[in-house]
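> Quick note, in UniProt numbering, the sequence shown goes up one by one and the last residue is 633.
No lab work stands behind these hints, which were simulated from the structure alone. Keep in mind that a hint or two might mislead.
To be verified - Distance condition first, Cα-Cα at most 30 Å in a straight line; then the derived DSBU-like pairs of lysine-lysine:
1. 556 - 583
2. 265 - 221
3. 464 - 33
4. 573 - 583
5. 604 - 573
6. 444 - 38
7. 265 - 556
8. 444 - 11
9. 265 - 158
10. 221 - 189
11. 556 - 596
12. 464 - 38
13. 83 - 33
14. 38 - 11
15. 158 - 33
16. 410 - 11
17. 583 - 604
18. 464 - 11
19. 378 - 444
20. 308 - 221
21. 596 - 573
22. 11 - 33
23. 11 - 108
24. 33 - 265
25. 351 - 308
26. 444 - 464
27. 410 - 444
28. 410 - 596
29. 410 - 351
30. 573 - 556
31. 556 - 604
32. 354 - 378
33. 83 - 38
Claimed, not checked - FRET-style restraints, in silico, Cβ to Cβ:
34. 531 - 80: 28 to 36 Å
35. 485 - 381: 22 to 30 Å
36. 8 - 603: 37 to 45 Å
37. 606 - 579: 42 to 50 Å
38. 606 - 81: 54 to 62 Å
39. 345 - 66: 36 to 44 Å
40. 381 - 214: 18 to 26 Å
If you're wondering where the values come from, they're calculated on a predicted model, not measured in any experiment. Using N, Cα and C, we set each Cβ at its ideal position, and we do this for glycine too.
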Amino acid sequence: MGYNDVYEAWKSDPEGFWMEAAQAIDWHEAPSKALFDKGGDMYEWFADGMVNTCWNAVDRHVEAGRGDEIAIMHESPITHSSKGITYSELRDRVASLAGALKMRGVEKGDRVIIYMPMIPEALEAMLACARIGAVHSVVFGGFAAHELAVRIDDCTPKAIIASSCGLEPGRVVHYKPLLDEAIEQASHKPEFCVVFQREQEVAKLIEGRDFSWHGFQYGVKPAECVPVEGNHPAYILYTSGTTGQPKGVVRSTAGHLVALQWSMKNIYNIEAGDRFWAASDVGWVVGHSYICYGPLIAGAQTIVFEGKPIGTPHAGVFWRIIQNHRVKSFFTAPTALRAIRRADPDGEWIKRYKLHDLQALFLAGERADPSTIEWAQKHLGVPVIDHWWQTETGWGIAANPIGIEELPVKLGSPSVPMPGYDVRILDEGGHEMPAGELGAIAIKLPLPPGTLQTLWNAEERFRKSYLTQFPGYYETGDAGMKDEDGYLYIMSRTDDVINVAGHRLSTGAMEEVLASHPDVAECAVIGVADELKGQMPVGFICLSSGVERDHAEVCKECVRMVRDQIGPVAAFKLCAVVERLPKTRSGKILRATMVKIADGESFKMPATIDDPAILDEIREALQGLGYGKKVPA
Numbered sequence: 001m002g003y004n005d006v007y008e009a010w011k012s013d014p015e016g017f018w019m020e021a022a023q024a025i026d027w028h029e030a031p032s033k034a035l036f037d038k039g040g041d042m043y044e045w046f047a048d049g050m051v052n053t054c055w056n057a058v059d060r061h062v063e064a065g066r067g068d069e070i071a072i073m074h075e076s077p078i079t080h081s082s083k084g085i086t087y088s089e090l091r092d093r094v095a096s097l098a099g100a101l102k103m104r105g106v107e108k109g110d111r112v113i114i115y116m117p118m119i120p121e122a123l124e125a126m127l128a129c130a131r132i133g134a135v136h137s138v139v140f141g142g143f144a145a146h147e148l149a150v151r152i153d154d155c156t157p158k159a160i161i162a163s164s165c166g167l168e169p170g171r172v173v174h175y176k177p178l179l180d181e182a183i184e185q186a187s188h189k190p191e192f193c194v195v196f197q198r199e200q201e202v203a204k205l206i207e208g209r210d211f212s213w214h215g216f217q218y219g220v221k222p223a224e225c226v227p228v229e230g231n232h233p234a235y236i237l238y239t240s241g242t243t244g245q246p247k248g249v250v251r252s253t254a255g256h257l258v259a260l261q262w263s264m265k266n267i268y269n270i271e272a273g274d275r276f277w278a279a280s281d282v283g284w285v286v287g288h289s290y291i292c293y294g295p296l297i298a299g300a301q302t303i304v305f306e307g308k309p310i311g312t313p314h315a316g317v318f319w320r321i322i323q324n325h326r327v328k329s330f331f332t333a334p335t336a337l338r339a340i341r342r343a344d345p346d347g348e349w350i351k352r353y354k355l356h357d358l359q360a361l362f363l364a365g366e367r368a369d370p371s372t373i374e375w376a377q378k379h380l381g382v383p384v385i386d387h388w389w390q391t392e393t394g395w396g397i398a399a400n401p402i403g404i405e406e407l408p409v410k411l412g413s414p415s416v417p418m419p420g421y422d423v424r425i426l427d428e429g430g431h432e433m434p435a436g437e438l439g440a441i442a443i444k445l446p447l448p449p450g451t452l453q454t455l456w457n458a459e460e461r462f463r464k465s466y467l468t469q470f471p472g473y474y475e476t477g478d479a480g481m482k483d484e485d486g487y488l489y490i491m492s493r494t495d496d497v498i499n500v501a502g503h504r505l506s507t508g509a510m511e512e513v514l515a516s517h518p519d520v521a522e523c524a525v526i527g528v529a530d531e532l533k534g535q536m537p538v539g540f541i542c543l544s545s546g547v548e549r550d551h552a553e554v555c556k557e558c559v560r561m562v563r564d565q566i567g568p569v570a571a572f573k574l575c576a577v578v579e580r581l582p583k584t585r586s587g588k589i590l591r592a593t594m595v596k597i598a599d600g601e602s603f604k605m606p607a608t609i610d611d612p613a614i615l616d617e618i619r620e621a622l623q624g625l626g627y628g629k630k631v632p633a
């Protein structure tokens, strides 16, 4: 069967399609049906089945006689270490940690926050929670104490599992002080913390609250897998816009298992015994789906990489790891490829390594520009496949499913919708747009298994965020079009979320921080096109009346505040003081127009603009920051 056959098979019988896909999972009790309609656009997948994620990711492979095969390979060019963990070793380590959590009172449904770098123990913590039915929420290690505190208050964890530190090229990132500060800021207090002490920094433990990783597990009885209902939350993952209102995507257990098992074979062509590498972080959705769960559910080997695409130690580190571990499918962000290309434009590092086992390179996280794809195709000699998905969906909405059929690559397109996704291009009134015309991208409900079922403690916000704009559809927040062949093109965001090096960040959250500066009366943050990172945030601030301070000093303070409250991941470095912001007469800031000026694009003067002369000041400010060079016609 080719792609069209498979997609039509789903469309003609969705229930039968997903029940058949569910047979690839080990069930404690098989579900009676796939889709459970709860009414009002709410639904669940495989809700009455009983299943355990950890069993499917670890134990069943040991039971099948594959316990001596490598499950996790850790590569850290920063610490110069490389080590493998077999499926048998992983089962024992996970069962031990799960047993210790259980002994300390963590039960099915309790939340556990995980705040760790790219080390195998992060995956072990996730799997240990899944083993006993606890709900984990992984927080990216680079996030500031304030952001961690917001998440603590939203998901109210019984415990936090952390590392003493993370490692960046040339520096140690001190996790424990950030954790202590976050707990102090949060209204909710966890009952205890487990700290994995790294040799690069041993953290100070607070007596009565903190336990060391190894001491915590000493002498405990290993835990068995606890079957949970199919609709039981597997995890909560916070996505953009969390400074004021947390937005915790809830992934339910059974749908997550079925979707990831299906995607590993059909999208990435990965089966048991294959070697798969997603160069991301466990703090992001790619890390959940395709570093931890997806490869292990499929019985493949996954690589946990603690490093950067360049500088740890050079622009060939990705290719060295692919060669040494005979990686079959590799997944990274366009940002990483752009960084490598900038450091190695002629692909000299690629030529040093033998990449015989590599069958495809997958890109996701932001729009992959055609020139970067062409560069990679030329030097790697394998298909370079852009695919599109979101934190909310958990797996590819649109992809080139090489496990079914390798479709022709169209530069600038993430290819075609996957089974389960009925993707439509709609105008503002919800009417379908003809091929080639730009509109809002929406997906007809129900969304497939593995996608978000709701937001944590915020069902009304879930409806408002995703289901109300186009009744009967999930609103993706992206704008784009379809061509005559059904290929999708994702053109831009339709909200204020910008994409910095594959990380979706809310400009509204950054504005909230800038607005809290005592000398700032008003502000706006926009995302401007950046050759390396995709987009970079630029802040404009208007000082309060009577403030006569050095502009550079105020900007420096604002940059520091964003770094402290949102974290270095925001990459907020560009800030300018302006007299006024361009607005409509009703007071709405014209951010889209500001972006066009920054990117050197022509624009139509908004009919509702209050004072067109303000745009000249914005252009001058942007030119001072190195943007807006081309003056629009």
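> Honestly, which of those hints from before does the structure not fit?
The structure breaks hints 2, 7, 9, 13, 15, 19, 20, 23, 31, 33, 37 and 40; every other hint is satisfied.
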